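Position chain B relative to chain E; hints supplied.
Number of protein chains: 2
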Amino acid sequence: MSNGDTADDIMGATYCALCAHGYADLTMQDIADESDKSKAALHYHYDSKHELLCAFLEYLYDGFVERTDPDDGTPRERLLGLIDAVLDKPDDEDEEFGTAILEIRAQAPYEPGFRERLTRFDDYLIEQLTAILEDGIEDGSFDPELDPEDTAQFIVTVLTGAATERVTTGRPVACTKGMLTEYVETHLLAGQREVEA
Amino acid sequence: MSNGDTADDIMGATYCALCAHGYADLTMQDIADESDKSKAALHYHYDSKHELLCAFLEYLYDGFVERTDPDDGTPRERLLGLIDAVLDKPDDEDEEFGTAILEIRAQAPYEPGFRERLTRFDDYLIEQLTAILEDGIEDGSFDPELDPEDTAQFIVTVLTGAATERVTTGRPVACTKGMLTEYVETHLLAGQREVEA
Numbered sequence: 023m024s025n026g027d028t029a030d031d032i033m034g035a036t037y038c039a040l041c042a043h044g045y046a047d048l049t050m051q052d053i054a055d056e057s058d059k060s061k062a063a064l065h066y067h068y069d070s071k072h073e074l075l076c077a078f079l080e081y082l083y084d085g086f087v088e089r090t091d092p093d094d095g096t097p098r099e100r101l102l103g104l105i106d107a108v109l110d111k112p113d114d115e116d117e118e119f120g121t122a123i124l125e126i127r128a129q130a131p132y133e134p135g136f137r138e139r140l141t142r143f144d145d146y147l148i149e150q151l152t153a154i155l156e157d158g159i160e161d162g163s164f165d166p167e168l169d170p171e172d173t174a175q176f177i178v179t180v181l182t183g184a185a186t187e188r189v190t191t192g193r194p195v196a197c198t199k200g201m202l203t204e205y206v207e208t209h210l211l212a213g214q215r216e217v218e219a
Numbered sequence: 023m024s025n026g027d028t029a030d031d032i033m034g035a036t037y038c039a040l041c042a043h044g045y046a047d048l049t050m051q052d053i054a055d056e057s058d059k060s061k062a063a064l065h066y067h068y069d070s071k072h073e074l075l076c077a078f079l080e081y082l083y084d085g086f087v088e089r090t091d092p093d094d095g096t097p098r099e100r101l102l103g104l105i106d107a108v109l110d111k112p113d114d115e116d117e118e119f120g121t122a123i124l125e126i127r128a129q130a131p132y133e134p135g136f137r138e139r140l141t142r143f144d145d146y147l148i149e150q151l152t153a154i155l156e157d158g159i160e161d162g163s164f165d166p167e168l169d170p171e172d173t174a175q176f177i178v179t180v181l182t183g184a185a186t187e188r189v190t191t192g193r194p195v196a197c198t199k200g201m202l203t204e205y206v207e208t209h210l211l212a213g214q215r216e217v218e219a
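Note that the protein sequences, when read in sequence, are chains E and B. Reading the first sequence from the start, the letters are residues 23 to 219 in our numbering. Reading the second sequence from the start, the letters are residues 23 to 219 in our numbering.
Certain hints may be false.
Identical copies look the same in the list; a pair holds intra-copy or inter-copy alike.
Claimed, not checked - Mimicking SDA-like on lysine to any residue, the simulated pairs with C-alpha atoms at most 20 Å apart in a straight line are:
(1) Lys-61 - Gly-120
(2) Lys-59 - Ser-70
(3) Lys-199 - Glu-167
(4) Lys-61 - Arg-98
(5) Lys-61 - Gly-44
(6) Lys-199 - Ile-148
(7) Lys-199 - Asp-144
(8) Lys-71 - Asp-47
(9) Lys-71 - Ala-46
(10) Lys-111 - His-72
(11) Lys-111 - Pro-131
(12) Lys-199 - His-209
I should point out that these hints are in silico values taken from the structure, not numbers from a laboratory. From a predicted model like this one, the values you see are computed outputs, not experimental measurements.
One chain only, chain E, in its complex shape (with noise of 0.2 Å):
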């Protein structure tokens, strides 16, 4: 088995031994008894649990990146479609995993190089929605008028409330989505708003 495999299986462990369990609860060795290892055998390969997790970190973030690069198409339908990938879990993820995540979120002040990590997300969101909103800039269809960079920090707190939300209160995320779509189709596109005088 290569170290590649080895990593993956220890990640796969990781992740369902966060959604059996949870963030604060966590051992080594719920994580070894999700796999085929020891916990000897992941100590060998992580230090700490804290190591496992930043490297847990890294590995979604690696799959966050592949499953929200944004398709091709106009920067409209690009914009839509990078707010749906964040919006839709996948299909095989649990609904636990995104409990385990906000517990993660909330140790990012306690847990050196949680929030290094966690911020590599939203600056990828935000350097992606910039980059569309930029494209639809110069090809005319997004309003000349808009701040690229605010309006994708904005998008991205959206796709955070929506997130929390969906832990903390069980709101789906089905009316944020209609609302960013309609935020989209009427205040990004161009010539949606009346220029002032």
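Chain B in isolation, oriented as in the chain E frame:
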């Protein structure tokens, strides 16, 4: 000392203990240490840490309602005032408190009673925002085409996202506030959108 004073003391001690220890590691002893009461005295008032924290969420809710009760003014002023009241932390609120609240939010699926109490905050905000938007439509200052409840939910999602980001990535809320203000000014006020043919 009346029961009300005792309850207020315990709530104040819970606030301090959450800021000092976070939620995950919080014990009844930590809360007792922040008050002039013994752990046994705390247990006299609250059977368990869980019960005490449910009471604490209700205490926070009362403070939140008081702090965000919309002022008089035009619907536009009341809407922006409410957004500011939610985004601006009270001057005396510790940075650590937002983190403890996000930890508690992440426990909503595990701790019976947390979700209902957390949902009350959102329901209150949605109700207030919906009423303001309806008033604005009625007096002609807001776009009659907007859906008050969907719009209110969308604004709450943005506010939730900003609170999560403050903890997770440390991003300040200034950008969110600017974009939400712009959203209100250019999207919700009457006569800003071109009528679609």
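Evaluated hints:
1. When the C-alpha separation of Lys-61 and Gly-120 is checked against a cutoff of 20 Å, the pair qualifies neither within a copy, at 25 Å, nor between copies, at 35 Å.
2. Taking CA atoms no more than 20 Å apart as the test, Lys-59 paired with Ser-70 passes inside one copy only; the shortest distance there is 15 Å, against 38 Å between copies.
3. Taking the shortest Cα distances, Lys-199 and Glu-167 sit within 20 Å of each other only across copies (18 Å), while inside one copy they are farther apart (24 Å).
4. Taking the shortest Cα distances, Lys-61 and Arg-98 never come within 20 Å of each other, neither inside one copy (49 Å) nor across copies (59 Å).
5. In this assembly of identical chains, Lys-61 and Gly-44 lie within 20 Å of each other by CA distance solely inside one copy; the values are 18 Å within and 28 Å between copies.
6. Taking the closest pair of Cα atoms, Lys-199 and Ile-148 come within 20 Å of each other both inside a single copy (18 Å) and across two copies (17 Å).
7. In this assembly of identical chains, the alpha carbons of Lys-199 and Asp-144 lie at most 20 Å apart whether taken from the same copy (18 Å) or from different copies (18 Å).
8. When the C-alpha separation of Lys-71 and Asp-47 is checked against a cutoff of 20 Å, the pair qualifies both within a copy, at 11 Å, and between copies, at 17 Å.
9. Proximity of Lys-71 and Ala-46 under a CA criterion of 20 Å is satisfied in both settings, with 12 Å inside one chain copy and 16 Å between copies.
10. In this assembly of identical chains, the alpha carbons of Lys-111 and His-72 never lie at most 20 Å apart, being 25 Å within a copy and 31 Å across copies at closest.
11. In this assembly of identical chains, the alpha carbons of Lys-111 and Pro-131 lie at most 20 Å apart only when taken from different copies (18 Å versus 26 Å within one copy).
12. Taking the shortest Cα distances, Lys-199 and His-209 sit within 20 Å of each other both inside one copy (15 Å) and across copies (17 Å).
The structure is inconsistent with the numbered hints 1, 4, 10, although it conforms to all the rest.
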